[in-house]
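Participant: Each chain is listed here by its residues.
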Amino acid sequence: MDDISSLLFDAAERLLIDLSAESAPDETQYLLNWRKIEEMGLPLALVDTERGGIGLEPRDAFELIRVCGRHVTPFPIVETMLSNRFAADAGTKPNCDAVSELRDLSERQREFAALGRAVQMTGALETILSMTVEHVQDRCQFGRPLAKFQVIQHSLARLAGEVAAAAAAGDHAVSKLAEGGDASLMATAIARTRIGEACSMAASTAHQMHGAIGYAREHRLQLYTTALWKWRDEFGSQASWTRLIGRMVLAKGRDSLWPMVTAA
Amino acid sequence: MTRITFPAPVESEVAEKLRAEVRAFLVAAIADRAPLVRAESWNGFDRKFSRALGRRGWLGMTWPKEYGGHERSAFERYVVVEETLAAGAPVAAHWIADRQSGPTLLRYGSESQKREILPRIAAGECVFCIGMSEPDAGSDLASIRTRAERQGDGSWVLNGTKLWTTYAHEADYMILLCRTSGDTSDRHNGVSQLLIDLKKVSGISIRPIFDLMDQHHFNEVHFEDVKLPDSALLGEEGQGWKQVMGELAYERSGPERFLSSIQLLIELVGVLQSRECTAAQTAIGRLFAHLVTLRHMSRGVAALLEAGENPATHAAIVKDLGASFEQELPEIARGLVDEAPDIHAKNDFAAVLAYTMMAAPAFSLRGGTREILRGIIARQIGLR
Chain A
1 MDDISSLLFD
11 AAERLLIDLS
21 AESAPDETQY
31 LLNWRKIEEM
41 GLPLALVDTE
51 RGGIGLEPRD
61 AFELIRVCGR
71 HVTPFPIVET
81 MLSNRFAADA
91 GTKPNCDAVS
101 ELRDLSERQR
111 EFAALGRAVQ
121 MTGALETILS
131 MTVEHVQDRC
141 QFGRPLAKFQ
151 VIQHSLARLA
161 GEVAAAAAAG
171 DHAVSKLAEG
181 GDASLMATAI
191 ARTRIGEACS
201 MAASTAHQMH
211 GAIGYAREHR
221 LQLYTTALWK
231 WRDEFGSQAS
241 WTRLIGRMVL
251 AKGRDSLWPM
261 VTAA
Chain B
1001 MTRITFPAPV
1011 ESEVAEKLRA
1021 EVRAFLVAAI
1031 ADRAPLVRAE
1041 SWNGFDRKFS
1051 RALGRRGWLG
1061 MTWPKEYGGH
1071 ERSAFERYVV
1081 VEETLAAGAP
1091 VAAHWIADRQ
1101 SGPTLLRYGS
1111 ESQKREILPR
1121 IAAGECVFCI
1131 GMSEPDAGSD
1141 LASIRTRAER
1151 QGDGSWVLNG
1161 TKLWTTYAHE
1171 ADYMILLCRT
1181 SGDTSDRHNG
1191 VSQLLIDLKK
1201 VSGISIRPIF
1211 DLMDQHHFNE
1221 VHFEDVKLPD
1231 SALLGEEGQG
1241 WKQVMGELAY
1251 ERSGPERFLS
1261 SIQLLIELVG
1271 VLQSRECTAA
1281 QTAIGRLFAH
1291 LVTLRHMSRG
1301 VAALLEAGEN
1311 PATHAAIVKD
1321 LGASFEQELP
1331 EIARGLVDEA
1341 PDIHAKNDFA
1351 AVLAYTMMAA
1361 PAFSLRGGTR
1371 EILRGIIARQ
1381 IGLR
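One line per chain: the protein sequences are A and B, in this order.
For the first sequence, my numbering assigns the number 1 to the initial residue and increments by one for each residue that follows.
For the second sequence, my numbering assigns the number 1001 to the initial residue and increments by one for each residue that follows.
No lab work stands behind these hints, which were simulated from the structure alone.
In this text, a Cβ means the ideal position worked out from N, Cα and C, and glycines have one as well.
When the alpha-carbon atoms are kept at most 27 angstroms apart in a straight line, the in silico DSS-like pairs for lysine-lysine are as follows:
1. B:Lys1114 to B:Lys1048
2. B:Lys1017 to B:Lys1065
3. B:Lys1200 to B:Lys1227
4. B:Lys1114 to B:Lys1065
5. B:Lys1200 to B:Lys1114
6. A:Lys252 to B:Lys1017
7. B:Lys1227 to B:Lys1114
8. B:Lys1242 to A:Lys148
9. B:Lys1346 to A:Lys252
Per the computed footprint, the stretches of chain B lying under chain A, defined by three or more beta-carbons under 8 angstroms from a beta-carbon of chain A, are:
10. 1258 to 1269
11. 1289 to 1300
Model the full assembly from the supplied sequences, consistent with the hints where possible.
Facilitator: See the structure below:
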């Protein structure tokens, strides 16, 4: 990550925090806010500089996607970034309009988008963890903060472990994609499988720790948990990614298991 | 801070070249070990095998040459450790010494301790055991009551009992944690580490403790008025707690923390590979994803250790997740294959399943219980 990228991540993070503070923007406000996103260059962040984009390197591109995952907003920023990237790859002129759904993807594009979602999920998981830690520190029951109960501490320790594992799986898949070798498909499948599982555990733990309040529409937790429940099965369901790994491992068989682990 | 990140593992061509050498060596060296015997890797004790590793320069790999080491990187050492474990080689005669006793000596030992012992460990000729747990001090390690009293001439007299001491009955040395001043209410203060030459001193009795498989790895070690020279003190008097905590990151993050059930996974793939079965693909896909991710995290900890950090929380996460993975494996395997577990079976899957199932409870006890690890993680994220 160079300094310019890191400035971009900081600026994007600040903008996303502002945008996510607004609960339900009306249409005018929505367009004004999208304009701010455009001005920052986010829709074209993954497009080459020759085509008017920011031209982020793969690792930085995914880091920006992680930042977007940390702050769920009503704006399809990641979808638009990916759409423009694919359009540019195909020689079509990208534009800054919001794209909420990616259609007719090639296999390679679908893999790229699947990893994008995976990394976006790791961002959301970070937020769920910090939200839940804050909640149990603030919320008092039986005369003390929830955080002081050992049963709560251990649930959150497990959550922290899952979030860390998800991040590790995501980082690894991004490295493999950036390296550009054959190992990328397997690494993406592993990321989707491992991160998807972390999402299930994180969502249920975070809701349990938040109690009834986290189930209310007005609480921000549900923005993240409902997003994860959707994302984990987009660009290939979690189940399909998991079976893909299983097929590859079983096809090579018993004696290749360990060599496959060290090559993955 | 709630975000705990693992650095990317360091890839090195040298380490990968070494991997090929280690694999080739292992194919020949342990060709006669059946899958059930391989599953016992951790507990397999074979001085001959350890000496063979030592001859190849694969023990004490990272230590300075002046102490018999080979000044290679932590990543090269990691390759040797994971390859020997994944192959199910017998590592018990060298690996406590190679993993933690040696590094502890290197860090805190006196010059003569280092010169005398480290080259022998690197040669695969010196077996260590660890004296930490006691009858009344398991997870609550600060309550240890074994005590060494300093005598007028600077020597020590040691009394007390250590429990669950793996391979004490074979070991040449023990690094023992005991109280040297104050009492149990002083908790982390007043404890020290002592280096004991088990083959030389008298007053030590070692009793076997058989596990639920009727195997003898554990022992109860009793010390009665054991006289130790002044030079037995390892590191600083009263700093034992700090020294031990530094050691634990090594103990908790290595590949042994997620490879204990690898032989069962290998046999399971062997049984399932000829089946066109969605449930099998799903289960194997998921287990593989967990295994690969754990390995990245563990190698990330190796990078932190190499950089001179003390990644106690990272190590706790690897061990907690790793033990859960290892313990899940037999339950998943028996859900997929119609084969009753039987440790005496000719069928490799049935035998390895039986062994792994019975070994599994220990995975989340040894080297720090799951509950202790989660306490460490909870502290890191600000809950304690």
